[in-house]
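Colleague: Can you build the whole structure from these sequences, using the hints too?
Going down the list, the sequences are from chains A and B. Numbering follows the working numbering, with no gaps: position 107 of the first sequence is 107. Numbering follows the working numbering, with no gaps: position 109 of the second sequence is 109.
I should point out that these hints are in silico values taken from the structure, not numbers from a laboratory. Keep in mind it's a predicted model, so treat the numbers as computed, not measured. Just so you know, even glycine gets a beta-carbon here, dropped at the ideal spot from N, CA and C. Don't take every hint at face value.
To be verified - Derived DMTMM-like pairs: lysine to aspartate or glutamate, alpha-carbon spacing no greater than 20 angstroms straight-line:
1. B:Lys44 to A:Glu3
2. B:Lys57 to A:Glu3
3. A:Lys42 to B:Glu100
4. B:Lys44 to A:Asp83
5. B:Lys9 to B:Asp73
6. A:Lys67 to A:Glu15
7. A:Lys56 to A:Asp83
8. B:Lys14 to B:Asp26
9. A:Lys2 to B:Glu79
What the hints assert, rightly or not - One-sided excerpt, in silico: chain B residues whose CB lies under 7 angstroms from chain A:
10. Asp38
11. Pro39
12. Met41
13. Val60
14. Pro61
15. Tyr64
16. Val88
17. Thr98
18. Glu100
19. Phe103
20. Gly106
Claimed, not checked - Covered stretches of chain A, going by a simulated chain B footprint (3 or more residues, C-beta under 8 angstroms):
21. 27 to 41
22. 44 to 50
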Amino acid sequence: QKEVEQNSGPLSVPEGAIASLNCTYSDRGSQSFFWYRQYSGKSPELIMFIYSNGDKEDGRFTAQLNKASQYVSLLIRDSQPSDSATYLCAVKRNYGQNFVFGPGTRLSVLP
Amino acid sequence: NAGVTQTPKFRILKIGQSMTLQCAQDMNHNYMYWYRQDPGMGLKLIYYSVGAGITDKGEVPNGYNVSRSTTEDFPLRLELAAPSQTSVYFCASSYSETGELFFGEGSRLTVL
Chain A
1 QKEVEQNSGP LSVPEGAIAS LNCTYSDRGS QSFFWYRQYS GKSPELIMFI YSNGDKEDGR
61 FTAQLNKASQ YVSLLIRDSQ PSDSATYLCA VKRNYGQNFV FGPGTRLSVL P
Chain B
1 NAGVTQTPKF RILKIGQSMT LQCAQDMNHN YMYWYRQDPG MGLKLIYYSV GAGITDKGEV
61 PNGYNVSRST TEDFPLRLEL AAPSQTSVYF CASSYSETGE LFFGEGSRLT VL
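Modeller: Put into structure tokens, the structure is as follows:
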């Protein structure tokens, strides 16, 4: 089992819809969870981070964390074509310095 | 605001050649990292540093070396390049152990 798993996609949603991106992780002791957005040919940039169970909202983005299920998700409301990118889930291990990244989910928002 | 600067952006190497990827940050971050990204594989940690003079191996360190003589600079050395090292390399820094990673623009390396 990989440490951090994501559906590779592509996930296609129409403009204005809600995009739901999912991530599962295997290290039950993980404490910090991050979502990065990466446009094609560019470097990753942080969208959101979450440490506690529940929801965290920032504008059109909502991160959801369920540590019991070892599951973290990112919801994008009112999706825009500019949201089309690869979304990387990253988990900070409870030991060492390593952020473990998932393979990413490619999102395509259709106008 | 320079942030994290990587050079070169592109490089083609022949098998067996060596080179250094440069990384510099101007945010006074103690934590610096080198990742490689292969298609569909996410980011894999090569080496990291928690401060000047301190470096440690990540998940995929074989074939690479690093040094951290100053807080600002964290070069990655490739010795005896192999086709398996063809990848996009990202340098990143963070202000704390659990903080946001700030990435450089990446260096695309091809080994032929």
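Colleague: What's the verdict on lysine 67 (chain A) and glutamate 15 (chain A), does the C-alpha distance respect the 20 angstroms limit or exceed it?
Modeller: violated (31 angstroms)
Colleague: Lysine 9 (chain B) and aspartate 73 (chain B): Cα distance at most 20 angstroms?
Modeller: Cα-Cα ~17 angstroms, so holds.
Colleague: Quick one, are lysine 2 (chain A) and glutamate 79 (chain B) close enough, alpha carbons at most 20 angstroms?
Modeller: Roughly 29 angstroms separates the two Cα atoms, so the pair is violated.
Colleague: Restraint: valine 88 (chain B) near chain A, CB-CB cut 7 angstroms. Satisfied or not?
Modeller: violated (9 angstroms)
Colleague: Is the hinted pair lysine 42 (chain A) and glutamate 100 (chain B) satisfied, with a Cα-Cα distance of at most 20 angstroms?
Modeller: holds (17 angstroms)
Colleague: Hey, does the aspartate 38 (chain B) contact hint survive, CB to chain A under 7 angstroms?
Modeller: violated (10 angstroms)
Colleague: Once the shortest beta carbon distance from glycine 106 (chain B) to chain A is found, is it less than 7 angstroms?
Modeller: holds (5 angstroms)
Colleague: Residue count check for the segment 44 to 50 of chain A against chain B: does it reach three with CB-CB under 8 angstroms?
Modeller: holds (count 4)
Colleague: Does the closest beta carbon of chain A sit nearer than 7 angstroms to the beta carbon of glutamate 100 (chain B)?
Modeller: holds (5 angstroms)
Colleague: Is the interface hint for tyrosine 64 (chain B) satisfied, with its Cβ closer than 7 angstroms to some Cβ of chain A?
Modeller: violated (16 angstroms)
Colleague: At a threshold of 7 angstroms, is the proposed contact between phenylalanine 103 (chain B) and chain A supported by beta-carbon distances?
Modeller: It holds, given that the least Cβ distance between phenylalanine 103 (chain B) and chain A is near 4 angstroms, below 7 angstroms.
Colleague: Just to be careful, I want the Cα atoms of lysine 57 (chain B) and glutamate 3 (chain A) compared with a cutoff of 20 angstroms; is the pair within it?
Modeller: holds (18 angstroms)
Hints 4, 6, 8, 9, 10, 11, 13, 14, 15 and 16, counting from the list given before, are not met by this structure.
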